[in-house]
Every structure is written in C-alpha cells, then in structure tokens.
Amino acid sequence: MCGQKEAKKLNSVLLLARISKEQISTLAENMKEQVIFALKQAIYFAIKLVETSDFSSPSQIMVYVRYTGADKFLEELLFSSPLELRSGEIDIYNKIKEYFNVQKFKMENGISVSLDGAPAMLGHINGFLALLKKNQILKLLTELSIARPLCQIFRVYIGSRHG
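Just so you know, the numbering used here puts 55 at position 55 of the sequence shown, and the rest follows in order with no gaps.
Just so you know, these hints were derived from the structure itself, not from any lab.
The beta-carbon is built from N, C-alpha and C at its ideal position, and this holds for glycine as well.
Among the hints, a few may not be true.
Within a straight-line C-alpha distance of at most 20 Å, the following computed EDC-like cross-link-like pairs (lysine to aspartate or glutamate) qualify [to be verified]:
#1 Lys97 / Asp71
#2 Lys40 / Glu108
#3 Lys95 / Glu84
Label pairs and their calculated CB-CB ranges [unchecked claim]:
#4 Gly69 / Gln4: 48 to 58 Å
#5 Phe55 / Ala130: 22 to 32 Å
#6 Thr26 / Glu84: 35 to 45 Å
#7 Asn94 / Gly3: 55 to 65 Å
#8 Lys32 / Gly88: 42 to 52 Å
#9 Ile43 / Ile19: 39 to 49 Å
#10 Gln4 / Gly88: 27 to 37 Å
#11 Asp116 / Gln4: 51 to 61 Å
#12 Gln60 / Lys5: 44 to 54 Å
#13 Ala28 / Glu98: 34 to 44 Å
#14 Asp116 / Lys5: 50 to 60 Å
#15 Pro58 / Asn126: 19 to 29 Å
#16 Thr26 / Leu74: 35 to 45 Å
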C-alpha cells in the first residue's frame, strides 16, 4: 500500500507524537512540583472545591488552591480525582485529607474553603464542610481574627482578575 518513503514519514510522525506526550507529561509534573513547593512555603492558603460530572464517566473533584506567592496572589489547580462513591461527602473528604497528608501540607495554614454548592459539600450535619469542622482539619475564616482583611484581599484580587 505504501512504500518505504511513506512508511518512514509515518514512523517519524508517531515518534514526534510520543516525544511530545512525554514532554507534556514532564512539564505537567514540574508545574505540580512547583505548586506543591510554593504551597508548603505559604503562610496561609484557601481551597476551592468543584465537583464535576459527566454522564459517561464518574464524578470528579477538582481542588484549586489560592495562596500568596513572592509578590502576588496565585490560584492553581492542585489536583483532581475521580470519586468512587456517588459524590459522597466522605469520599471527597478522604481524597482531600489523603492528598494533603501525602504532600505533608500544614493543614493548620488552611483558612478558607469555597464550595460549588453541591449537596455533598454543603450538608451542615454530614456534608464535607461539616466533616472539616468536626475533625478540625482546617481553620475556618470565622475562627481567625484576620478573616475580614483576608476576605477583602481575596475579593479584590479575584475581582481584578475578572474585571
């Protein structure tokens, strides 16, 4: 069907695709390491949880983190993970707790949690937020004397990014 010349061209394209995939994986891993390092250095951080779902795949939790860098506020995707249970608050809680333990993040530096409003997140008795409070994993803004100024800083920063 195709000659030597065409086969050689086809092989070089496949090789380039594999090399590109490896380079992208290397860059992604490097970015992840930079975010983890910066987060470990941060005095305080806030997390934002977004639950995504698709009819063809299981729900996923995406965890974003906001923290102060050297001279500005940063917001990065920290990790995403498929949920094994049906968007259960315990599954979400365990995924985040496990990730933070593996990375050795200082949980006491977490000061705010922003949620997307999914029922598993919001339940005041069994929701994710209730589990955080019950197990005293993160200091919540209401418990800190610096809550209002920090909220204002985040609002100004977020507003300036989108406006």
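Evaluation of the provided hints:
1. Taking the CA atoms of Lys97 and Asp71, the gap is near 29 Å; set against the 20 Å cutoff, the hint is violated.
2. Proximity of Lys40 to Glu108 is assessed by CA-CA distance (about 12 Å); at most 20 Å being required, the pair is judged to hold.
3. Between Lys95 and Glu84 the alpha-carbon distance is near 10 Å, which keeps this suggested pair within the 20 Å criterion.
4. Against the hinted window of 48 to 58 Å, the Cβ-Cβ separation of Gly69 and Gln4 comes to about 54 Å, which satisfies the hint.
5. Between Phe55 and Ala130, the C-beta spacing of about 29 Å keeps the proposed range 22 to 32 Å intact.
6. Range check, Thr26 to Glu84: about 29 Å between beta-carbon atoms, so the 35 to 45 Å window is missed.
7. With their beta carbons about 57 Å apart, Asn94 and Gly3 fall inside the hinted range of 55 to 65 Å.
8. In this structure the hint that Lys32 and Gly88 lie 42 to 52 Å apart at CB is violated, the actual value being about 26 Å.
9. Taken as a hint, the range 39 to 49 Å holds for the pair Ile43 and Ile19, whose Cβ atoms sit roughly 40 Å apart.
10. Here the CB-CB span from Gln4 to Gly88 is close to 57 Å, at odds with the stated 27 to 37 Å.
11. Hint check: Asp116 to Gln4, Cβ distance near 56 Å, so the stated range 51 to 61 Å holds.
12. For Gln60 paired with Lys5, a C-beta distance near 45 Å keeps the hint of 44 to 54 Å intact.
13. Take Ala28 and Glu98: their Cβ atoms lie about 20 Å apart, and the range 34 to 44 Å is violated.
14. For the hinted restraint 50 to 60 Å between Asp116 and Lys5, the CB-CB distance of approximately 54 Å keeps it satisfied.
15. For Pro58 paired with Asn126, a C-beta distance near 21 Å keeps the hint of 19 to 29 Å intact.
16. Checked against the given bound of 35 to 45 Å, the beta carbons of Thr26 and Leu74, roughly 22 Å apart, lie outside it.
Violation of the numbered hints given earlier is confined to hints 1, 6, 8, 10, 13, 16; the remaining hints are satisfied by the structure.
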